[in-house]
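Novice: Sequence:
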Amino acid sequence: MTILQVNDVACGYGDQDVVTGVTLNVDGTDFSCILGSNNAGKSTLINCISGLVPARGGAIVFQDEDITGLAPFQRVRRGLVQVPEGRQLFPEMTVLENVIMGGNGDSRSRAYDRALLDDVYDLFPRIKERSQQRAGSLSGGEQQMVAIARALMSRPTLLMLDEPSLGLAPLMVEAIFNALSSLNGAGVPILLVEQNLHMSLKHARYAYVLERGSIVIQGTSDELSDNDDARRAYLGL
Numbered sequence: 097m098t099i100l101q102v103n104d105v106a107c108g109y110g111d112q113d114v115v116t117g118v119t120l121n122v123d124g125t126d127f128s129c130i131l132g133s134n135n136a137g138k139s140t141l142i143n144c145i146s147g148l149v150p151a152r153g154g155a156i157v158f159q160d161e162d163i164t165g166l167a168p169f170q171r172v173r174r175g176l177v178q179v180p181e182g183r184q185l186f187p188e189m190t191v192l193e194n195v196i197m198g199g200n201g202d203s204r205s206r207a208y209d210r211a212l213l214d215d216v217y218d219l220f221p222r223i224k225e226r227s228q229q230r231a232g233s234l235s236g237g238e239q240q241m242v243a244i245a246r247a248l249m250s251r252p253t254l255l256m257l258d259e260p261s262l263g264l265a266p267l268m269v270e271a272i273f274n275a276l277s278s279l280n281g282a283g284v285p286i287l288l289v290e291q292n293l294h295m296s297l298k299h300a301r302y303a304y305v306l307e308r309g310s311i312v313i314q315g316t317s318d319e320l321s322d323n324d325d326a327r328r329a330y331l332g333l
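The number in our numbering is simply the position in the sequence shown, starting from 1, with 96 added.
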């Protein structure tokens, strides 16, 4: 079943279109990725899907509802949840306080889903050990785990991530991608924007390549990995 449909969408900033005529679909079991170089329009596209950048044309349909005109918080309430580039944590708050914010909880009143928190900590035991530390004291990779954990507290129907590997050490990148694969295996569909082509094609099942705001090639990860022309022209491999 298709959970997300992006139909001929255009968006941008000021009077400049950054994304033009993009169409893509995400099924309810998918792990899909959007690849491309810097300034290809990847982040603009995912921010348009989440409502942070308004669409100027086309339609965004989520679970059979046209959400093109909805505000970001309305999309989150419907289960469309994004982990932003740069993590955007509250550095002076504890790890726990940051995580439960995703579920609109308050650690002082204990009004949050403890069973869900336990599940999130099972996925990221590293941050459970650091739950009372200030989020700003963690490494970049640990902060990324906190950002993903916060999103999971919203019980996403579709989890979107913008450059989760950016600036991370290779071992931490692998840990993040392994966690995303585990989530997907547990039934959470994922749409990922990335520049790390190797890890994206290793873990995702379907890929879209964006160039100058348009999709220039798409296919299964195996198809793109095996396509020498695509590898050279668009993926730099």
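These are calculated hints, taken from the structure and not from any lab test. Even glycine gets a Cβ: it sits at the ideal position worked out from N, Cα and C. Treat the hints with care, as some may be off.
[Claimed, not checked] Just the calculated beta-carbon pair ranges, DEER-fashion:
id	residue 1	residue 2	range
1	R251	G117	27 to 35 Å
2	G232	D318	39 to 47 Å
3	F169	D209	28 to 36 Å
4	E270	D322	37 to 45 Å
5	M189	S310	37 to 45 Å
6	L267	E161	21 to 29 Å
7	V157	P221	33 to 41 Å
8	E319	S277	17 to 25 Å
9	N274	E161	30 to 38 Å
10	A265	A155	34 to 42 Å
11	E188	L267	22 to 30 Å
12	S233	D123	38 to 46 Å
Novice: Does each hint fit the structure? Answer for all of them.
Specialist: Hints, one by one, checked against the model:
1. R251 x G117: 27 to 35 Å: 33 Å, holds
2. G232 x D318: 39 to 47 Å: About 40 Å separates the Cβ atoms of G232 and D318, which means 39 to 47 Å holds.
3. F169 x D209: 28 to 36 Å: 19 Å, violated
4. E270 x D322: 37 to 45 Å: With Cβ atoms ~23 Å apart, the hint is violated.
5. M189 x S310: 37 to 45 Å: 40 Å Cβ-Cβ, so the 37 to 45 Å window holds.
6. L267 x E161: 21 to 29 Å: 40 Å, violated
7. V157 x P221: 33 to 41 Å: 37 Å, holds
8. E319 x S277: 17 to 25 Å: Once the Cβ atoms are compared, 19 Å apart, the range 17 to 25 Å for S277 and E319 holds.
9. N274 x E161: 30 to 38 Å: The hint (30 to 38 Å, Cβ to Cβ) holds, given that N274 and E161 are roughly 33 Å apart.
10. A265 x A155: 34 to 42 Å: 40 Å, holds
11. E188 x L267: 22 to 30 Å: 28 Å, holds
12. S233 x D123: 38 to 46 Å: 39 Å, holds
Checked against the numbered hints given earlier, this structure breaks hints 3, 4 and 6; the rest are met.
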